[in-house]
Each structure stands twice: as structure tokens, then as C-alpha cells.
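Generate the whole structure from the sequences, applying the supplied hints.
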Amino acid sequence: MLSYAILIACALICCALALNAWRLIIGPTTPDRIIAVDTMYINSIAMIILLGLYQGSAIYYEGALLIALLGFVSTSAFCKYLLRGDIIE
Amino acid sequence: MSLFDHLVIFPVLIPFFIAVILLFPSLNNAINKQRVLAIAANVLMVVVAFVLLFKVKQQGIQVYALGDWSAPFGIVLVADAFSVLMVCLSAILGLAVTLYASAGEDKTGAFFHPLIMFQLMGINGAFLTGDVFNLFVFFEVLLIASYSLMIHGGGKQKTQANIHYVFLNLIGSSLFLFALGTLYGTLGTLNFADMADRIPLLSDNELLITKSGALLLLAVFGLKAAMLPLHFWLPKAYSSTSTSVAALFAIMTKVGIYSIWRVHGVMFGDQAGELANIALPWLWPIALLTIAVGAISVLASQSLRVLCSNLVIVSVGTLLVTISVNTVQATSAGIYYLIHSTIACAAMFLLAGLIQQQRGKAEDRFVVARAMPQAGILGFIFALLAIALIGMPPLSGFVGKALILQSVTNASQAMWVFPLILGAGLIALIALSRAGTSLFWRTNGENTTALKGHPIQYLAIGLLVVLLPLMVIFGGPVSDYAQLAAEQLKAGLTLQQLNEVAQ
Amino acid sequence: MTVLIEVVVSVLLVFGSVVMLIGSIGLAKFPDYFTRLHAPTKASTLGVACILTASMIFFSIELGHLNLKETLISMFLLITAPVAAHMLAKAGLHYKVKMTDSTENQHLAKKAYLHKNPDDA
Amino acid sequence: MELVYAICVGFMTACGIFLMLRGHTFTLVIGLTLLSYAVNLFLFASGGLTIGAPAVLSSNENYADPLPQALVLTAIVIGFAMTAFAVILAMRGRSDLGNDHVDGTEPFDRLAAEEKS
Amino acid sequence: MDKVRNFSWFPMPYHSILLWLVWQILHDFSNGHMVLGAVFAIVIPWIVAPLSEKRLVAKSHIKVLMYTFRLLVDIVVSNYDVAKRVLQSNRSLKPAFIAVPLDINAPVPLTIFASSVSLTPGTVSVELSDDKKWLYVHVLHLEDEQELINLIKHRYEAPLKEIFGC
Amino acid sequence: MYYFWVPFLPMLGIIVPLLTDRLSRSACALATALLPALALCLIFLDLPAVFAGQVFSQSYEWIPQLGLSLSFRLDGLSALFSLLILGIGLLVILYARYYLSEKDNMGRFYCYLIMFMTAMLGIVMSNNMLQLWFYWELTSISSFLLIGFWSHNSDARKGARMALTITGAGGLALLAGIILLGQVVGSYELDVVLNSGGLVKQSPYYLAILGLFLIGAFTKSAQFPFHFWLPHAMAAPTPVSAYLHSATMVKAGIFLLARFYPVLAGTEEWFVVVSLTGLFTLLLGAYTALFKHDLKGLLAYSTISHLGLIVLLLGLNTELAAIAAIFHVMNHAIFKASLFMAAGIIDHESGSRDMRKLNGLWKYMPITATLAMVASASMAGVPLLNGFLSKEMFFGETLDQSILGSMSWLIPVLATIAGAFSVAYSLRFIHDVFFNGEPKGLTKTPHEPPRYMRVPVEILVAICLLVGILPQDTIGPLLESASLAVFHHALPEYNLAIWHGFNLPLMMSGIASLGGIAIYLNRKHLFKFAGMFPDIDAKVEFEGFIQAGVKWAQKVTDKLETGSLQRYTFCLCFFALLLIAPPLLDLETTKGSLPSIPLNGAVIVAAILIIAGSLATVIWSHYRLIALLMLSLVGLVVSITFAYFSAPDLALTQLSVEIVTVILLLLALYFFPQITPTSKNRPSHFVRDLAVASLIGCIIGSICFALMTHPLDSISEFFLANAKTGGGGTNVVNVILVDFRGFDTFGEITVLGIAALGIHKVIARMRLSMQTKDFNGRLWAKDKYPLLLGVVSQSLLPLFLLISAYIFMRGHNLPGGGFIAGLITSIALIQQYLAHGVDWMAKRINVSYHYITAIGLAIAGATGIGSWIFGRPFLTSWFEYVSLPWIGKFELASALVFDLGVYFTVIGATLLILASLGKLTTKERLTVGER
Ligand code: NA
Ligand code: NA
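Chains as they are written, first to last, in our numbering: chain A, 1 to 89; chain B, 1 to 503; chain C, 1 to 121; chain D, 1 to 117; chain E, 1 to 166; chain F, 1 to 931.
Read the hints as simulated data drawn from the structure, not as lab findings.
Quick caveat: nothing in here was measured; it's all calculated off a predicted structure.
Heads up, some of the hints might be wrong.
[As the list claims (entries may be wrong)] Derived, one-sided and incomplete: chain D residues facing chain B with beta-carbon distance under 8 Å: (1) Leu28; (2) Val39; (3) Ser46; (4) Thr50; (5) Ile51; (6) Asn60; (7) Ala81; (8) Met82; (9) Ala86; (10) Gly104.
Beta carbons: idealized from backbone N, C-alpha and C, even for Gly.
Encoded structure:
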């Protein structure tokens, strides 16, 4: 049952990712695209956790952790860029 | 293991540690201390390189297994006659360049001495390594150092030339990795000797894929070596960068040539079974075209540094010829010529710097300008270098040229090589005699304001120039050594031999 | 692994991913920028937390000892997601993105914008 | 699986190379980054693809080829250093030459200048 | 540096504890890691201390926990709310901006407050006025403006005010 | 046996004039002359043996690989030439002492002259062909310096360059010839080569060798069509002309023909080419000489003509002719040297060399006039002078051949005509200069030269007379031994008597003399006739030719090097494509034998994301920010791909690097236009680029596919087997990085460190304008440091650091390591910069990042060297399991220290890069002076 659940979850997250990609591509504004990428970061955390569950391996945990940390940095950098142009000032 | 047993890695580690030391606060801001340390380090490197050379000559090939892991699992440094010779050459150039720059050029931008050291580390590593991925790493070390050095002193031209140089080489690096992936994917190993052992055992399909990878490497090395049609970056890059950097760069193309020799001349050389000499059909026309186009550009050159850059291209073509001829004799001729052309071109670049310094706005362009305050000594050095670069006696150029011509025994080859090499010599003669007459003889008035050369600059040039007649006077021993290097190179090294030597 | 735990883990997984999918649907279908901004907060809070909890339970059983590592990710997300959303909202304001006409109090958006861009009055 | 992977690598390579054939430094940097992704994936795949067997020793029997991974790691770091340098150099180019064309002049500027003269 | 800080073994005691705990979470509580974690829990604050500003200290730890719990519950509840909105037609949405007047203005409580607002699906903190008197919030579906403002102030701002005493 | 030192004495003498330059002029000249005089004495000491037919030769190995040896010989031919070189050389030294003015740098002049003398001696005494060539080229170089001695004079520069170019080209041809000859014979030693005539003539290379040698000889000896450089070399000071262009350099070509006579001569080809070239040159020179108004010009063309005569003689393939040729070499050298010197005196004392101005000098300088008249009489071939003897022999020899068959009579007729012209120009030399009324428009009144300036001329003229009257007693033995050296066997009968009775040659002489007088008398008509032809100035033509060559070369170079990086990149890509495509075309299938992994939906989604992301990056590459977003999407998916295919380390690294890259690009983008200017690229270029990019993509994809599906026998098993036992870690990738292939990592962090230094360097001079608005024209927001971002970033920092410590510590056994940890730390700090700004950070962090880089590198390097203490090679790792009470067993490993070096290097480098870039817009930015 668990493996089915994982597969279902995986499929759902894949759909979510596809929808994010759709938003990323149609925009229409740059902030929209940044939201899309940000959401993709979060969805990929789920994806990696699911991968770890599927393989029964805890080795992917750090990947998820890192995405959580870095996704934030990336999004705030992009936003800062939109607001100020100069992200380190 | 005594310290002496670690000698092979010294040419890599000395510049590394000196560079790192130079970055620390107490030295980073004290240019005079930096100079002293850098010069001392370079002298030490020359000594080490020559000690290593004699060691190799007496005891044979030296292998240094890094991390105590034997080949093919660990990385090994292989000091054979050829690689050690190249290390000596780079040490000499490094010393000359450091001396020259210590007259003041090192102050025109940050981190000059550390970067030169890193550059030397990269060059020496590339010469010594026996591992193809490690070669990539050292290529990158020397490239990134050269990117940084090329812009030393600043100026629009440098930036412009550097952009071209950097982006082309970045693509080159990507191609290098594609090629490495391909070779690893079929051969399953990275050690030169092990790869050479495995190449003849490849099956049909893998054979063709490996061939693709190997030929892709040719493009990569060719870009570094500035062979046609990948030479475009060179004239602008070498002629716009600062004097000492340009002089050091004289050996950079030779790194490409060296790698072609190692990989396509030996690994995919005579013993490679079905993949034997796959690069030769390409190298022949390329070599001849490189000479031809280089020579045409030499004739077209309007300033001394551009001229000298184009002479570098001609020398690359000439070396490719010796690779293409693919005999021990040709290889040894090529090695002799390589030393000669590197030293002569480097010295000419340094001289061009002095000339530029003394001619004011006219720089080194072939136009009428006021006379240089030190025209006499500069003219004398120019004449010597011109003679060497043209390939006329009594300096080493003629020995190299004659050796190469002698090595072309096959009539159909000779029909192309003789006229091209001799013709290129003639064009160099025409161009350099025009250059010399307009730089030194077509003058109007005296120039008293120009900056005279610093004695240390003359010392640097003299160090290089004096080698040219020495290479003729001691032509016997030098060419004997080149012969030894060529024999070792051509004989190749199996993994078993490598590991036996390492013990 | 007991069936109960398996059921719990499975339910958490499916529930979490449904929440995340809903968030992404929102991102895809909502009419304007500010409404879309609400979607990722959904995904990054409840959705991912469920999946992480599932993973936590699963590995605690699998490895035979307590495994709380995944809480760390949740914690990070709880701290960072609102700030990311805030930054995105600021960017949206700055960009003067189009809002659906049905949005109430649009003057407040303009007012907020003028706080940070007084020159643009 | 391998086919899809290869197609992706090929496609990224093509995109990267195409961007590197453009005329503005920033575009080139983006192309370079894309190209290095492709290079890394290519180098990584040279030892074959393995799922669910990281080269971390445990009771497993089967492991992914660790060597290409180590090579790719080195390549990533070097690629980062190179990209960083390229970006800064591109900026320097813009500062020194006044525009961000790789040749230091916009081609249409050059054309306009030719027409004028 | 503004002024030379006096050296202290535990410049950030809360952080030290948190770091130690996190280290244990990451390493599944072994003896060796308790020691190593302690080392990092002490050393990292030394490094970081110069980079952090004056810290507020929570008055009541119980209230902190209660606040956290309430927030988590709210997240779950409002998630359900928003899920409905997502699956309904766009036309039924009534998005709006609201301006929440602020009583707190210290950076940390303010941040926690704004974050709490954003964390509960359906509301996002958009902008803080320069004078820190207003928080502009975007609401996905607004039924009654004043009620929502009151709710936010009551549920989040009031407890924070108590916790930090400002 | 003294001869061996002869070439070395002048060589030593090269520096003598430079050293004695500061002394008086006479002392300098005297010192200069000393060593050549000594050399001359040495030759004289060996002369008796040479006359006795002995051939000395001695050889020392020099560069055996090349076949070059230090090898000299002294036989009759070299003795003859050495005597000329040294003897006339000494006279020229004396002459030049008076000729050169105070302004001229005498030391330099003598230095060049002695250099030239050394080179000439080397040519004639070499016993090794390569050594001969060595000296041959030295003559070209030293003559270049001598001709261009008055370098302020444009004619001198151009003349020197022309001479160098022509003789240099000839030298190159000669080198080719020598190498071919050496390969045919198997030795470069003349002893061997000269005895291999038969072998050479049968060789298929004979024609090539002959051609190359002749080009060498003809260029040097100014034979048609290479003759034109010689008249322009007259821009040289007259002592140089007297030496180089009469006695020595131009004779080098003749010497070469004579030296290799036994090897190359005697064939039909030799005869046709050599004799016809000689004949034509003879006529051309004689004819042209008549019309030259410049004294030295006349002498130059006369030299060309006489050289033609000698070449013609050598070409006739009879031994008597060759003897005549050698004889004439001597005679010509003597009378022509004296004539040049006389011309020099005239020029020196009257200020002009123009025969239209110089008239009636007899009155002003009777002694010089007498000497010049005797010498030109010798040149004209008047009896009782040496010129007469060799000319008679020449006429005789032209009669004696029949190789042209029925047209053989043409040769003596043409020879006579040439003789007549030679009489005519000699007459002109005498009459126009010394008689023919009064001088016109001279700047100074002519007078006799200083006493000793005339001495060399007197000596030479005396020799003319002496040889002319007593040939057998004076020159006989020398000629005989020289001829013997040429033929290498017994000589035919010949007679050096003055009087041979009334015979055809005498008649030809008579006809020539009368004809010459007739020509001279009718010179007005002839001048008019000659004036009808355009006056071809070889210098202008040659310069024009070279200029055209340069122009053409520039055109070609401009075509090739357009300065367009796009073109160069295309070349690189296309070339790479050309190289890699062909082998793959032969490949039947790329698919290997391995079974493929089944596909699943997630992978398809990832693939779609990658492809869409890449495509979007390309399509939106003009909107740079959007391209960047797309790029970060691709980067994210690539990281996950790595994770999926069992490479967690790679995934972590790729992720962190990707974020840093994005931040870097964002920092940079601020200074760039936000939208790429639409390029005016031609559509064809677009298609071209698209095609090459797609093809490369296809090929790389195919190779990638092939590699994945082929089984691989790799060395990786070793790493898996030894990571734990030999490297002390279970994360094999990390063990490879820090241990098995630690040297790669060592290089890699060096690259990173250098990049940081380089970037620091590049930034230091950057001046970029800050944009006040974004690309849509919006002003930037005023809120520099959003409050929420600041608070959260600050509170996250310790957690970030803890996680980087976590990643660092576990690296050896689990995914992680120093590099990733370093990046995480850097990103955490960058986040602080982002949230709080540079000022805020500068107040709190007070270290230069490049010191951190240096510390990191030093740690890594020191760890590597540490193993030396234990007698192990660089970077040998060490690890030990330690057990402590309560804590339990844990591992200590040197790899961890190495990794610490990596960690610091990464932090230093990354922050150096990003922070310096960030500071660019603030007052903390780097300035030029900062280092
Ligand atoms: Na919310
Ligand atoms: Na900035």
C-alpha cells in the first residue's frame, strides 16, 4: 500500500510541477515567474522526500534540506533584484 | 623517502606555496618583499628543474604516485626527459618574466606575482601529470591564471582581447570534458599509460566512439596551441597584454602542442592498434596551413608584438609538422625547435616591451618616431632575436630548422614542407628586416624624455638571449637530450612499466 | 512496519501531495498576481509538512530509532516561506501588477506602494 | 530511460552552444552555464546510469560508478570559477568598452558608422 | 564595529540550546554528538554574535508554545478554507487589501506577526508602512474587513504583545 | 697546420674595434687589423704545403644529430679566396680609416667589417656543408649591417633590406639544397661529398639539388634575374663596396659553384642553366654599366657583368674554362677593389660621384687619376695588365666549345660584344671623370686624398701590373693549386704567358677594343636609344612588390581575423564537429548491449522541464532576467536528476553552485542592459548557428547514449573496494575527492582561489554607471533593507552555519564535504549582505576574504606536505579510529583537515567574488590602488 501511496503522491506532485512550469512559462509578469520557481522549489522538496521513501534511503534528506534553505535565498535575491536592482548594496 | 624523492612534485608545489605565502598580509602589501621572494622562488625553480633534468637523464623516468596510490587508481606525475625539459623551460621563462616585471610592471595591477606563480604551477602540472583528468585540472589552473594575468595593467584592448580569449577557451574546456567523458566511457580509466594499454583492445563500436573522443581532444589542444583554424584569438591576445605576461604566454601554446604529442602522438600513436595515428590525416594539412597563414599574417603585421604573435603561430605550425612526420628524428627536431622558439619569442616579447616603453606614442608600431634613447643596445638585441626567429645562423633557429628539414625524408612530404618552412623563414626575414629598419633606423630627432630600460629588464632579456647561442654552442648535448626525450616519448610507457618505475 | 503505521504514512503522503497540488492549481488558475501569491504558502506549510511527517515516521520505524530530521525542513519552511511571500508581494506592489477588478480596497495597494516609492506620487 | 537522458543532454548542449554563438556577453554567460549543465550530465553518464545505489558503502552489493561523480564534482567547481570570471570579465568589458557586445562594438553601431563615413 | 563587545561564553543562550538540539536531531542523539553538538552550540554563537542585533527575550515560555500551537492549528484550518476557494470558480473570489493598524513595532515581534499572517493561507503580509503603524495585507477572499482585522489583531498581535512585553 | 686558427682569429677580432673605439682612429684601425694580419701570416705559413698539392682538413663533432661539425679545410681554392679576403680586407681597413668621417661610428663599422670577414673566411674554409651554410648566412647578415651602415639614409635602408632579402632567400634555397645533398650522400663533410659526384648526378634529387644550389649561388653573385640588389647596395660606404661587391661577398656564389664543381658540374643541365645565365648577365651588366652616371653604379654593373663572365666560364663545362674563371676571380677582385677605392677617393675629395659633374679631375688629383686609369685599363682588358690575361683565356674558351651545336658561334660573338661594352664603359670611366673639360657644380674643390688613403689603391694597382706582366711567377702556383682543388684531379695543359701569338682570341680582343672605342664615341646616340626605354628602378619595383605583398597579406589577414568572436566560436564549433562526426557516421548503431532502465512518468516530467527550460532560456535570452529564471529551473531539475541517479553529492553541489551562480548573475545583471539589443545578425548566420549547434547536440546526445548503453570495464571497482579500508571513509565519491584523486581537488581549489584573485583584479578598475530605473523605466523602491528579510536572515544565520558544519563533518562517510559546506556558509553570509547591506557587514566582519582563501589553500597544501614527515608522497592520507570513554569510537582523518582547507578556500573565494561585486555600488568598493 505504501508504495502505491508513494506513486500516487509522486504523480500528484508531478502534476503540480507541470502546473508550476505552465505558470513559469506563461507568466505574465516576472514576479509571477518567480512565484512559479519558488513553488517548484517546494514541490521538489516533496519530490526528493518521496524519492527517499521510495528507495527506503535517508540519503536524500540533505538535498531536501538544502533546497529549503537555498530556495529562500534565491527567491529573496530575485525579489530584491526587482525592487532595487542592486541586490547587495 | 627523502626530500630528494619528492623532487618531481616540487615544480608544482614551489609556485603553489610561494603564491599562497605572497597572499598573506605581511607580503601582500609589500611589493619589494614580493619581488625578492618571487625572484628567489624562480631561481629555486630553475635549480630544481635542472636537478630533476639531470636526475631523469641519469636514472631514467621518474614516477611520483600522489597519495601513495599506484596508477591507474591514483594520479601519478611522470617526469620523463620531455616533460622535465618543458618544466625547465617554464622555469627559465618564469624567472625572466619575474625579473622583467620587477622593474615596475608588477605594480600596474593587483596580485601579479602570485598569479605568475599559479600560472607556472598550472603549466608545470600540465607537463608532469600522467593522468588525463588531472591534465584537465591543470589546464584550468593555467587558463584561469592566464585569464587574470592577461588583463594585468588594464586597458580597453586587453579587455577586448581577453573576452575573446576567455570565451573561446571556456567552450574549449567544455569540449575537453565531453572528450574526457567519452574516453572514460569507453576505456574506463584515466591514466595515460593505462589508456594506451586499453586502446588496442577496444571492440568495434567502442573504437569509433573513442576515435570521436580522441579527435575532439585534438580540437581542444589545437585551440590552446593556436593551430588553424583555431588560432584567431592569439594575435590580439598576445599583442595587447602586458609585456611580461605575453612573454610567459610564449609557452602556453606549447602546452597545447605538448598535449597533442602526448595524446595523439603517443597514446593514439603507433601502438594504438586500429586507432593508430588517427590525428595524422588532420594534422598534416593543418600544420601546413598554419605555417602558411601564420606567415601571411607575419607579413601583414604592423607592430612588433603582433608580428611576434604571428611568429608564434608559425612556430606552432612548424611543430605540428614535426608531430605529423611522426618519427623519432622528427620528434627530437621538434623538441629542439620548441625550446628555441619558445625562448626566442618570449625574449622578443620582452624586447618589444622595452621598445614600446622608449618610443612614446608610436609604441611598437612600424612608423616613424623619435629615436629611442637606448637604440643601440635594443637594436643589437633585436638583431640577435630577429636572426634567431628567422632561423639564420649563428643562433639556435637555424639548428632547429635544419633538424626539422632533415627529418622530412619522404619526398612527397618534403615537397610541401621545404617550401613552406623556408618560405616562412623568408617572410620572417622580410618582415623582421622591415621592422628593424623602421624601428631603429627610420627615426626623426632625439627622444630624451622616454623611459630608459631598467637594468633588471635587460638582465631578464639577456638571460633568455644568451641561451640562444648556448643552444648552438652546446648544440650537441642539447640535441642529444632532445633525442633522448623523443625516444622516451615515442617508446611510450605501459602501465606495467610505469608501476615498475614507480617502485 | 505495522499496517497502522503504513496507513498513517500513506494517508499523510497522499493528503500532503493533494494539498500541494491544490496549491499549484491555485497558482495556475487564480486570476491575478496577489491571489496567486497565496498558493505557495499552502504548499510550503501544510503540504510539505505532511509529506515530511510521513517520511519522519517511516524512517523512525525503518531505522529503528527516533528520526526528527524532517522537522528541521518544516521549521525552515515555516520561517522562510512567509518572508519569501512578503518579498514577492513587495515585488508585485513595486511592479504595479494588474489586479482583478473585483479586488477591494485597491487604494490601499497604492498607498502601500507609495510608502516605498514616495517619488512616484 | 537512457534515451530520454541522452536527448536531454543533447538538447541542452545544442541550446548552450547556440547561445554561445550569440553576440552579447551576458547571453554567452547564460549559454555557458547551460552548456556546463550539459557537460556535467554527460560526464556523469559516462559511467552509466544507476538508480537507488549511491556510492556510499553499506550492505549493498551494487553501487553507482563513483569515479565520474568525483570528476563531475571537480568539473562543477571549476565550471563555477570559470563562469564567475567570465561574468566579471563581461562586466569589465561593459565598463571599458561601453557596451556588452563581445567584439566591443555593436554591429549596428559599426554599420551606422560605415554608412556615415 | 560600534563598540568592543565584552566576551561572553554564551552570547546567545537560546540559540545555543536550539543549535544543540538541532545537532542532536541531525545525528540521532549519540554520546559523541552530544559533545560535538555542544562544541558547535558554543562556537557558532561566538562567530555569529557580532552579526546579531539586540535580542528580545520572551517573557513567558508557555505562551510561546501556545502561540505556536494555535498558529499550527490555524494553518490547517485555513488551508481547508483556501482549498475550497481554489477548487471553486474564480468568479466567486473576493480578493481585497486591508490595512491592519499595528500596536507593536519592535522588529522581532513585528516579523513574527507578519509571518504568522502570511503563514495562514488566505492572507499575505504585503507591506509594512515606513512608520511601522500599518501592515498591509492581501486577502484571498474577504467577507468582512473589520472582523478580519480584529481577528488578526486579537489572535496574533495580542499574544505577541504579551510574550515580548511591548 | 696553422690554417685551423685562421677563421677564429677574425672571430675574436670582432670585439676588438668595439673595445678600441675610444682610442684614436688610427689606433682603432691598427688594432682591428692586427688579428686579420696574423691570420694572413698563418695562411702564408701553410701556403707552401698547399702549393705542393696538400689538402688540409680537420674536423670536430659539434652537433652530430644535425651533421654539423666544426670542420675546416685548406686547399688551393680556399687558400686563394682566403688570401683575397684577408689581403683586400686589410687594405680596406686601412682605406676606411681615412674614408670614414668623424661622425661615423668607426668601432661599429670595423666590427661589422670583421664580422663579415669572419663569415667569408668561414665559407671558403669550411669542410662541412652545414657549416659552410652557417657562414654563408652570416655574410648576408653582416652585409645587411654594412650596407645599411648609414641608416639615416633611406636608400641605404632599402638597399640593405633588398640585399638581405635576395641573398637571404638564396641562402634558404641553399640550405634546402645542402640538406638534400647531405641526404643523398649521407654526410655533410666536404671530403666525402666532393668525392661523390657520380652518386649525386645519378640521384633523382640531382635536379632539385642543382636548382637550389644555383639559386643560392646566383643570388649571392648577382646573376640575372637576381642581379638588381647589387647596384642598390652601393648605398653602402665605399670601403664596403670595395670589399663586398668586388672581392668577397659576390664571389661567394662563384666560390660555391667552384667548390661544388666536381659534384654538380658536367651535366647538360648545368651547362645550359649556368652558362646561359652567365652569358646573359655578362651582356646585361656590360650594356647597363655604360649608361650609369653614378661612378659606383657603373662599377656595380660592371661587376655584375664580370661575375656573369665568370659564371659563364664555369658553365662551359670545360676544365680550361674553369681555370680561366678562377683566374678571373682573382683579377677582377684586384682591379675592381682598386677601382672602387679610387671612386671612393674621388667621391670623398670632390663630394660627388656623378660623372656628369665630375670632369677633368686629372688636374686636381693626378696620382689617383693614374691609378684609376691603370685599373680601368685592366678592367677593359688592356695588355700587360692582369685583366687582359683572363679575358684572353675567356675568349679562347668561348671558341672552344661546341655544345650549342650549329649555333655555337653565337657565344664568342656575344662575348666579343660584351668585351666591347666593357671597353666602352672603362673608357667612359677614364674620360668622363679625369678629362672632358672642367668639373661642374661640385661643392668643393677636388684634391689628392691623404697619403695613406691612396696606399691600398697603389698596392692593388701594382699587383695588377705585376700579374699582368709576370703571371706565371706571381700567380701561377696559386692558380694551379686552386684549380687542382676544384677538379680533384690532374689539370689539363694551360699557359699563362702574355703572348700566345696572333690567334682568334687576340683578334676578338682587338675587335672588342675597337668596338668599345666606337661605342664610346657614339655614346650620345646610344644614350638617346637607352633613354627611349623606361628607366626601371629595381628598388622602387622591389619595394613596390614587397608593399603589394604586404597589402595582400593584410587583406588576407583581415579576411581571416575579422575580430568577430562569433565567427571564431563558429570556427571552433564547426571544426570540432568536423572532427567528431566522421567516426560516428561509421557506427552502425549507438545502442550498446546493456539493457535499458524502464522509463517512468517522473522522469518524463523532468525531461520535459529540462527541455522546456532550456528552450525557454534560448527563446527568452533577450529578456535576461527571465532567461536567468529559466536557467535556475533547469539547474534545479539537473540537481534532482543527479539525486535520482544515485549521486547525492552531486545534487548538493549542483544546487549550491546554482544558487551562487544565480546570485552572481543577478549582481552582474544590474550593470547590464536588461534586454539584449536586437542584433543585426544576418538570418543566414542564425540558421548557420542553429545548424551547427543542433548537430553538435545530436552528436553529443548520441555519444552519451552510446556510453550509457555500452558495458564499461572501469577502474571504479578499486575505489569501491578500497574506500573504507584504504581511505577510511564510506562515501566513495568523497574518498576519491580527498584521497584517491586528492590532487585533482587540490588543483580545483587552486582554480577557485585564482579565480577569486583574478576577479578581484578585474573588478578593481571597473567603472560602471548605476542605473536609477529598471528597464521598464520604474524608479527603484526606496526600501533598501526590508525589515522582515533582515530579521529572518539574521536569525537563520546560526542555523545555516550549523548545517554547514553538519554537512562538513559527515562528508567523508555520507554525502557532503568541505566544498558544499563552504558554499552553504558563503550563501548564509551572502544572505546577510543581501538583507543588511555592505556597510552593516563591513562594521561586523573585518577580514579580507582573500586571506581566508590563502589560509584555505595553505591548509590543503600543508596537509599534503604533512605526509612527507611520514615518508609518504604528497597527499597521502592518514586515518585512525580513536576510542574515548563515554563518547565511544570515532575516526580521526587527515582527509578532514584537507577538506577544511577546501572549506576555507571556498568561503574565501566565493565571498571574495560576490562581496567584491556587491560592493561595487557602495563606498566600500575596490579602488585601483587597492591590492
Ligand atoms: Na497567509
Ligand atoms: Na551592490
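- Was the hint right that valine 39 of chain D lines chain B, CB cutoff 8 Å? Holds, about 5 Å.
- Let me know if the C-beta of methionine 82 of chain D comes in closer than 8 Å to any C-beta of chain B, holds or violated. Interface hint status for methionine 82 of chain D: holds (6 Å vs cutoff 8 Å).
- Message: Does serine 46 of chain D hold up as a contact with chain B if the rule is Cβ-Cβ below 8 Å?
- Response: With a closest approach of 4 Å, the serine 46 of chain D hint holds.
- Task: Could you check if leucine 28 of chain D really has its C-beta closer than 8 Å to a C-beta on chain B?
- Result: holds, 6 Å
- Task: Please verify that hint: alanine 81 of chain D, Cβ, nearest Cβ of chain B, below 8 Å or not.
- Result: holds, 6 Å
- Query: Taking the closest Cβ pair, is glycine 104 of chain D under 8 Å from chain B?
  - Reply: Constraint on glycine 104 of chain D satisfied, holds at 5 Å.
- Task: Would you check whether asparagine 60 of chain D satisfies its interface hint, that is, whether its CB is within less than 8 Å of any CB in chain B?
- Result: violated, 21 Å
- Using 8 Å as the Cβ threshold, decide whether threonine 50 of chain D counts as touching chain B. Hint on threonine 50 of chain D: violated, closest Cβ of chain B at ~14 Å, above 8 Å.
- Query: Regarding the hint that alanine 86 of chain D lies at the interface with chain B, is the smallest CB-CB distance below 8 Å?
  - Reply: holds, 6 Å
- Is the hint on isoleucine 51 of chain D kept, meaning its closest Cβ partner in chain B is under 8 Å away? Violated, because the Cβ-Cβ distance from isoleucine 51 of chain D to chain B comes to roughly 18 Å (cut-off 8 Å).
The structure does not agree with the numbered hints 4, 5 and 6 stated previously, though it agrees with the rest.
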